[in-house]
Amino acid sequence: MFKFWKKDRAPEKTPAADAASETSENVVEILPREVMQSPSLSVPADHAEVDAAIAPDSVAVEKVDGSEIDNPGKRSWRERLSGSALSRSLGSLFARKPKLDETLLDDLETALLTADVGVSATELLLENLRQRMRKREFADADGLLAALRESLLAMLAPIAVPLRIPTDIKPFVVLVVGVNGVGKTTTIGKLARRHQQEGRQVLLAAGDTFRAAAVEQLKAWGMRNQVAVISQGSGADSASVIFDALQAATSRNVDLLIADTAGRLHTQSGLMDELSKIKRVLAKLDPAAPHEVLLVIDGTTGQNAVNQVRQFSLAAGVTGLVVTKLDGTAKGGVVFALATEFALPIRYVGLGEGLDDLREFDPGAFVTGLLPANLGAE
Amino acid sequence: MFESLSQRLSGTIERLRGRARLTEENIRESLRDVRIALLEADVALPVVQALIQRVKVRAVGQDVLKSLTPGQALVKVVRDELTAVMGSVNTDLNLNCPAPAVVLMAGLQGAGKTTTVAKLARFLRERKKKKVMVVSCDVYRPAAIEQLQTLAQQVEVLFFPSTGEQDPVAIAHAAIDAARKQYVDVLLIDTAGRLAIDAAMMAEIKALHAAVNPIETLFVVDAMTGQDAANTAKAFSEALPLTGVILTKTDGDARGGAALSVRYITGRPIKFIGSGEKPDALEPFHPDRLAQRILGMGDVLSLVEQVEQNVDKEKAQKLAEKIVKGKRFDMNDMRDQLQQMLSMGGLASLMDKLPGVSNLPDQVKSRINDKEVHRMIAVINSMTKKERRHPDLLNGSRKVRVAKGSGMQPQDVNKLLKQYQQMEKMMSKLSSGGIKGLMRQMKGAMGGGGAGGNFMQR
Ligand SMILES: Nc1nc2c(ncn2[C@@H]2O[C@H](COP(=O)(O)OP(=O)(O)OP(=O)(O)O)[C@@H](O)[C@H]2O)c(=O)[nH]1
Ligand SMILES: Nc1nc2c(ncn2[C@@H]2O[C@H](COP(=O)(O)OP(=O)(O)OP(=O)(O)O)[C@@H](O)[C@H]2O)c(=O)[nH]1
Ligand SMILES: [Mg+2]
Ligand SMILES: [Mg+2]
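Residue numbers (our numbering), protein chains in the order written: chain A, 1 to 378; chain B, 1001 to 1458.
In short, the hints are calculated from the structure, not lab data.
There are no misleading hints in this set.
Mimicking DSSO-like on lysine-lysine, the simulated pairs with C-alpha atoms at most 27 Å apart in a straight line are:
#1 K279/A / K1278/B
#2 K1404/B / K1385/B
#3 K1278/B / K277/A
#4 K1415/B / K1386/B
#5 K284/A / K170/A
In this text the structure is predicted, and so the values were computed from the model without any measurement.
For reference, chain A alone in the conformation it holds in the complex (with noise of 0.2 Å):
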C-alpha cells in the first residue's frame, strides 16, 4: 500500500547524468524529458494489513485499491491524511456514544497530546469545549466533537494562505530552510514541477554546499523537472552561490528562483547567521529579495518544531511554511502548537517522494485526516 507515488522514484544514473555532474562551475543542465521518463517500478500493492499497531493508538491500518495505485494524482489528502492515530482513538471513544463530562474531555485532551498538538494549543481547545459544555451548548458527545473539529479549523484558518506569486515580481525568489533531513531538497523538486506546470520558467540554486552529494542530489531534481541548477560544487560559499543564480535569473529573465540550503539546527548559531548573509548579499542584488522564506518541517517533529518555527523565524525571517512527510502515520498535529503561536502562513504539505507529492495546505482536508465528521458513526 501506498506505493502510488513510487512511480516517481526514478533511477538517478543516466549517463548524462554523470556527464553533467562532471562538469562544475555555474553549469546548466537541461536534458530532455525522455531521459527522466523511466519505467515505472510497479511494485504490486500489498492487501495485506500490516500489524504495525500499538493499542489504542495505532498505526493506520488501510486498504488501496488498484484504482488508486493506477492515480496517484487521484488520492484526495482526506485519503492519505486518515487513519491518523488521533481519529481511531478518537472513533473508539465516539462509537461508545460517551458522556458529556470531564471524563470526556480528558480523553480528548490525550488524542490530541498524543497527535502532537502540543499541551498550550490543546488547554486553549479544551478550555473553550470546557465552557460550552457547561453552558450545556452541546447535545450529546457527536455536538461536542463537531465543536471541536470547527475550533480545529478556526485555528487553521487563519493560516492558509497559499504562496502566491504576483506576475509583476520577476524573479522571485523563494529561500528554503529548515532542520536536518526535513525535506528541503525534495520539497523544491516538487516546488519547481509545480510552478512550471502553472508556466513559469524556474531556476534552481545549489546552495547546500556542505552535505555530501547534495549538489548531486539538487541537480537531479532539475533535470527531472528539465530545470536548470546553479551551481558551484561542494564546499562553495552558499551565500556566493545564491548570489549568481539570482544574477543569472536576472538576467535570463526566469519567474522563479528557488534557492536550497544546508540542513542545520536551529541552536547552531554560526550557521543561522549564515542565513542571514544569504538575505543580506540577496538584498544588494534585489532589496525585496528573498520574497518568500519557507521554513520546511517534518510532519513527524514534536514539540521541537515550535523552537525551529522560532529560530529560524528570528535568524531568517521566516515567511512560510510547508510541512512534509505527512504521507506517514504521523499527521502534523504540531501544527496547531505553531498556529497559535506564530500565526505563519502554512503554504504547501507534502505527502510522498515524488514529483506531484506537493499540495497547498487545506485546513479542511488537514481537519477531516485528524478528526473525521462521521467518527461517532463508525
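Assemble the complex: chain A is given as a structure, and chain B with the ligands must be docked to it using the hints.
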C-alpha cells in the same frame, strides 16, 4: 514553551509539603503533571502511561521526610524510573561472527542513516582497527549513493559501488562477496528511508535482512520525532529483528522523548547517539543524561549532590540536633547557613543548575548574585553576641547601631530580621528532616526579600 517537570510540579508539590508520606491520593495531581511533562517532551502516550504506573507503584508509601522534599522525592522516582527504562550504557557493536560482520541500517526518511553509516565506519576503522566497507542499497533517493560514496572517501573506508538500476538484494549479495574477497571485517549496509506503513518497502527491507543475515540491525531515529516514534518503532521492530537503536540529531534542543518511546517499545538498547553532521559526531549513550533532558530537570540532581558534598556536615548536623531538641534557630545559625551557601560556589552557581533559569532575561540573572548574601552576613557580624543569640532584643536603637556598624541602612536590618523570622519559623516546624531538607528550607526562606530567593524556590 516547554515547562520543565520541576517547574510544572512546583504547584502541586507545594500541596505535598508537610505530608509525611506519598500516597496515591496526594500524588494524583503531581502524577498528572508528570504525565503532561512527559508528553511535552514528546514521550509517546502508551509509554507515558506505562511509566506513570511504574512511578506510582514506587512512589506510594515513600517516606517524605527522609528525602529532599516531597516534590524532589517524586522527581527522583520519576528520573530513576526513566533511567531504568532507558537501559544501561551500551556502546559496543556486536561483531562476533565470521567476517565480514554485516550491519544493516533501517529507519524513516531523513533520519540520518547514511550519515550514521559514515560515523560508524569511522568509529570501527579508527577505534576498533577494523577493515570496513560500506554499500548503499538506496536505489531511490536522488544522489543517495553518491552521498555515501563521498562520505566513505572522507572517512577513508572501502566503498562498494552500486547504481539506481540495481536490485537492493543483488547489491547486498555482491557487496558481501566483495567484502569476503577483500578480507573486510565489517560491511555496513545503508538503506533507503521508508515509512512503516509502506508495505512494499517494508517487505523489501525484510528480504534484504533475510538475504544478508546481519549481526546488527540498527534502527536510526531522529531525536526530534514526536508521538509517532512509538508507531514507527513498533512497526520496524515487528518487521525486523532489531539489535539496537541510534538516536540522531541530539545536538539540537529537542527534549528527546522519542528515545524513551523507541527504547521502551523495541526493548533494544540505544547504542549510540549522533551529535552533529560530521563523521566524528558519534557518542556513547548515557541513559541518565537523557532522562534528565527529557524531564527538563537541568541539573537538579547534581545540585542535590553538590549540596550533599559541600554542606559542612558537622555544623549542619549540630544545627539539626539543636532544632530536634527544640532549641531556637538563631542568628549564628543563620550566618552559618549563609556562609555555606557561599562556599558552595555562591548563588549564581547554584542558580545555573536549576531548570528554567537559563531562560531568564539577563537583567534578572544579573540581579542574582552573592552581594545580598554578603550584606546579610555583614549585618549579622555587627550584632553583639547576645543579639545574635536573642534576635528579639533588636529594638529600634540597636537596629540603627547595627546598620551603622555594617554600613547599611536600618531597613536592611529589618529585611534581614524578616528573613530570619521566616527561617526561624520554618526551622521550628521542622522537627526532623535531615540536612538536605534543612538546606532546602533555608533556601526557600531566602525568598523573603533577597534577590534570587524566589528562583531558588522553584
Ligand atoms: N514520505 C515522504 N518522504 C519525504 C517527503 N519529503 C521528503 N521526503 C524524504 O525525506 C528524505 C530527506 O529529504 P531531503 O529533501 O533530502 O531533505 P533535506 O531537508 O534537503 O535534507 P538535508 O539537506 O540533508 O538537510 C528523503 O528521503 C526524501 O525522499 C514527504 O513528503 N513524504
Ligand atoms: N545536526 C545533526 N545532523 C545530522 C545528524 N545525523 C544526520 N544529520 C543530518 O541529517 C540529514 C539527513 O541525514 P542522512 O544521513 O542523509 O539521512 P538518511 O536517513 O540517510 O536519509 P534518507 O536516505 O533520505 O532516508 C543530513 O543533513 C545530515 O547531515 C546529527 O547527529 N546531527
Ligand atoms: Mg537538502
Ligand atoms: Mg540515506
